[in-house]
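Chemist: These protein sequence lines are chains S and Y, in that order.
Just so you know, we're using UniProt numbering here: the first sequence kicks off at 1 and counts up by one.
Just so you know, we're using UniProt numbering here: the second sequence kicks off at 1 and counts up by one.
Everything labelled a hint here was simulated from the structure, so no lab data went into it.
Certain hints may be false.
[Claimed, not checked] Here are some of the chain S residues that sit facing chain Y, going by a computed Cβ distance under 8 angstroms:
1) P53
2) T54
3) T61
4) N156
5) N172
6) K208
7) G229
8) L232
9) Q256
10) T260
11) N269
12) T407
13) I439
14) D471
15) G473
Quantities reported herein were computed from a predicted structural model and do not represent experimental measurements.
Idealized CB from N, CA, C, for every residue including glycine.
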Amino acid sequence: MEKSKKLVFMTLLIALALIVSACSSGSKDSSDKKGEGSKDKKEFNMIEVAEIPTGDPALATDAASFIVLGQTMEGLYALDKNDKPVPALSDGKPKVSKDGKEYTFKIKKDAKWSNGDPVTAKDFVFAWRRAVDPATGAEYAYMFSDVVKNADKIMNSKAKPEELGVEATDDNTLKVTLEHPVPYLDSLLAFGTYLPMNQKFFEQTKGKYGTNSDNMIANGPFVLKDWNGSGLTWSYVKNDKYYDKDKVNLNKVNVQVAKTPNTAVNLYNTGKADRTAALSAEYAKQYQNNKEASTFEESSSWYLKFNMKRDGKETPLANKNIRKALAMAFDKKAYVDTVLSNGSITSDGLVPRGLANGPKSGKDFREESGNLMSYDVKQAQEYWKKGLKELGVKELTLDYLSDDTETAKKTGEFFQNQLETNLKGLKLKLSNVPFKVRIDKTQKQDYDISMAGWGADYLDPMTYLDLYVTDGGNNQASYSNKKYDQLIEDAKVKYANDSEKRWEKLLEAEKLLIQEDTAIAPIYQRGHLVLIKPSVKNFEEHLFGPDYTLKNVKIEK
Amino acid sequence: MVKYLAQRVVYLIITLFVITSFTFFLMKFLPGTPFQNEEKLSVEQREILNEKYGLNKPVPVQYVNYMKNVATGDLGNSFQFDNQPVTDLLKSRIGPSLQLGFQAMIVGTIVGIALGVLAAMFQNTWIDYGSTFLAVLGKSIPSFVFAALLQYYIGVKLGWLPVASWDGFASSILPTIALAIFPVATAARFMRTELIEVLSSDYITLAKAKGNSRMEVAIKHAIRNALIPLITVLGPMAVSLMTGSMVVEQIFAIPGIGEQFVKSITTNDFPIIMGTTIFFAVLLTVIVLIVDILYGIIDPRIRLAGGAKK
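Just chain S, same shape as in the assembly:
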C-alpha cells in the first residue's frame, strides 16, 4: 500500500512538472515572437468575436470566414474604401456583349498564388463549378442562382457542373455567360463565393482544404498563419507573391478572439489590441463619447415583420389599418438612442442608407425614396381605432417573437411599453427564444409580429426588395400584392438593361411595400461601435462582403 501511495504521488508530481515545463517553454517562444514584433511598427493587433469556421470559399457562410477570405484572397473585383466594386484580378473592365449577358474578363498576368503558381482563368472555372455542384453542399451557392447560366439547374441536379456558364478560353481569358443581364454583377464578383481556387493545391489537401492555415493558399495581400482549425488566435503575414504587395504596409496582423466585450475592452486598454470588435449595446453606450470610438453604419435593415396568416387563418395583422397603427406607434429615435447607442440610425424604409445611388440623380436610394413610415402617435391611434372597428373587437393580444440575447430582451420590453401605451387595448406577449427557434417559428409562420433583420447579399436595393414577392422564400408573412410582384419582375427582367427605369421601379416598389401596404414596419439600420487606436489609419470597413480589409492599413507614430 505504501508503494502504491508513493506511485500515485509521483505520477501526479511528474504530470504537474510536465505541464508546467511545457507551458513555460511555450510561453518563452511566444513572448520572444511578440517582442520582435512590437519593435516593428508594421504589426497590428486586433480582436475578433468568433473563430474561423472555414477557409474554403465555397463553404463559407459567416462573417468570420468571409473576413479571412477578404484578407487572403482576391477575386475578379474587390471593394474600394467607398464600397465601390473595382477590378482586382480582372485586368481592367470586362468586355460586355450587347445584350448584357456575356462578359469576357482578362486576368492580370502578374497575379500569383502564394505557392508561386500563376492565377489563371481555369482557377475561376474550377471554383465556380465546385460551388454550384450539389455534392459540395455549399450553402451560399444561391449567390450564383439566377445569375450565372445554368446555376439553378446544376444546383437542383438537373444539369452537370460542367454546364455552368463559365469558360476559360485561354489561361488569361474568362468568359462568363449570364441568365439575363445582372446590373449588380460587379459587386457579386467581389464576394467570397466567387473567389478562384487553385485546383492543384486543392487536390493536394485531400479533402482538408480550408481546415487550417497549412491547408490554405492565398492570392491576396496576406497569407493566413498559425490557425489550427478551431483556435482563438491566428495571424496574417504579408504575401510576398501578391502582385500589389508594394501597397501593403503591414508585415503582420495578430488576431485574438475575445467573446466577451469586457475582455476585448480590457485587452484594448492594456495595449494588447489596437482595435476591438463591435461592442455590445451596454459597452457601446459606455464608450460612445470616447475619442477612440468609431462607428460604422452596416448594410443591415431591422424591422417588425407582420404575419398575416397563421395556421391557415388570417391574423389581425391581415388588416392594413392595424399594421399601419403598429408601424407608427413607437419612437424609433428613443429606441436607437437609449437601447442600442452603437451607431445605429433610425430608418423609415427597408433599403438601408449607403447601399446604392441613382443612375441619373446620383442620390442615395434611401434619400431619394424618403421617409415612408415615421413615428406619429396621433395618426397611429386613428388607424388603430379604424382597424379595431373593422375587426369588430375592442382589444387585441399579439405575440411578439424575438431572439433571447440581452439586447433583444430589452428591445422587446421597449416595444411592449411603447405600443401598449400608445395603442389602447393592445397587449403584446413577448417571446424571446434562441436564434434557431426564432428561424424555425418564422419559417412555420408561428408568430404575429417578429423582429427581423436582413443584410445585403449584393450592392443593390433588389437584395432587400425581392424578399417580399408573393410566396418568396423569405416572405414568411403571407404578404402578397400583384402590383408589387410586377414591379420587381420588371426591375429584374424588363428593365435589366435600362438602369433609370429599373431604379424607378425599385423606388415605386419600396413605397408600395412600406407606405401603402405596410407589410413591415421599418425601425433602424444597424450600426456598430469599435475602439480603435488613433495611430491606425486606412482601416476600411465594408457594407457587404468581408466586414473590413486590412490591405491599406497603416500605423502612424
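Starting from the known structure of chain S, arrange chain Y on it as the hints suggest.
Modeler: Frame of chain S, contents of chain Y only:
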C-alpha cells in the same frame, strides 16, 4: 481487483451506450437545422444539404449509422467547422480545459485541505472564522465574478499577469485561481466538518493518551480518515472542472471545450454535441472508477467489491 475492474468496464460500456442513445434522440428534438445560413436557403437547397449530411433519412436509420461509426471510432465531421473531424476538434480543444481543470483541482484541493485542517485544529478561533468566511465566499460567489475581478485588478490595474489569451503558463494562472475558488471552498468545508468529527473519536483520544502531540495525532491518524468523504466529492468536481467552464473560458479567451460544447448546441452541430457528450461520459465514468480505487489506497480497510468477499 481484476474482476472488479472488468465488471466496471462492462458497466462503463453500458452507461456509454445508454447516454449516447439518449442524447442522440434528444438532439433530434432540437428545432432548426445545422445550416448556418438556413434563413436564406431555398427548400430545394435545404433538401440537397440534408441529403449530403444524411439528415433526410429516418431517425432510426441515422441512429444505426451513427452508432456503427462510433463503434469504429469515427465521430463524424463538424457542421460548424466544415470538414473538420470531431475527434480533431476535441483533441485541439480538450488540452487547455484539462490543464486548467487539473491545475484548479490541485490548487483547490491543497489550499482547501490546508484551510479545513487549520479551521478544525483551531476551532472557534479567528483562524476558524476566517477560513469559514473564505469558504462561504467561495461557495456563494460565482467563478465568473472572481474571473472578472481577477482580470481587472491583477491583469489590467496591476499588470502582473496576462489579461486574457492562451499563451503559456502565465496566462493560465488567473483562470486557474478563478476556477480553484470553488474546490477550495468545498474542500475546506468538508475537511473541517470531517476532521472535527474524527478528532472527537475514541481512537484519537487513545492516541493523545499515548503522549502524541496534537499535530502528530492530526497528521498521522485524523486527516487520512477525514479525506475519504472528501474524495467522493472531488471525483465529480474534477470532471466538471476538466470539461471546462464556459464562462471562465470566455472571459480569459481560452480555446477550451466548455464554450465549444454550448455553442454546438445552439448551432445544432449534431456531431460535436454527440462527440463531446461521449467524451464527457467517458471522463466521468473513468474518474468515478479512479475514486473507488483511491478509497482502497487511503483506507486499506475498504475493500473493493470482489476483493472483500475473499
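Chemist: The structure should be examined with respect to each hint, and the outcome stated for every one.
Modeler: Against the structure, the hints come out as follows:
no. : hint : verdict
1   : P53  : 5 angstroms, holds
2   : T54  : 4 angstroms, holds
3   : T61  : 4 angstroms, holds
4   : N156 : 5 angstroms, holds
5   : N172 : 31 angstroms, violated
6   : K208 : 6 angstroms, holds
7   : G229 : 5 angstroms, holds
8   : L232 : 5 angstroms, holds
9   : Q256 : 6 angstroms, holds
10  : T260 : 5 angstroms, holds
11  : N269 : 6 angstroms, holds
12  : T407 : 16 angstroms, violated
13  : I439 : 6 angstroms, holds
14  : D471 : 11 angstroms, violated
15  : G473 : 5 angstroms, holds
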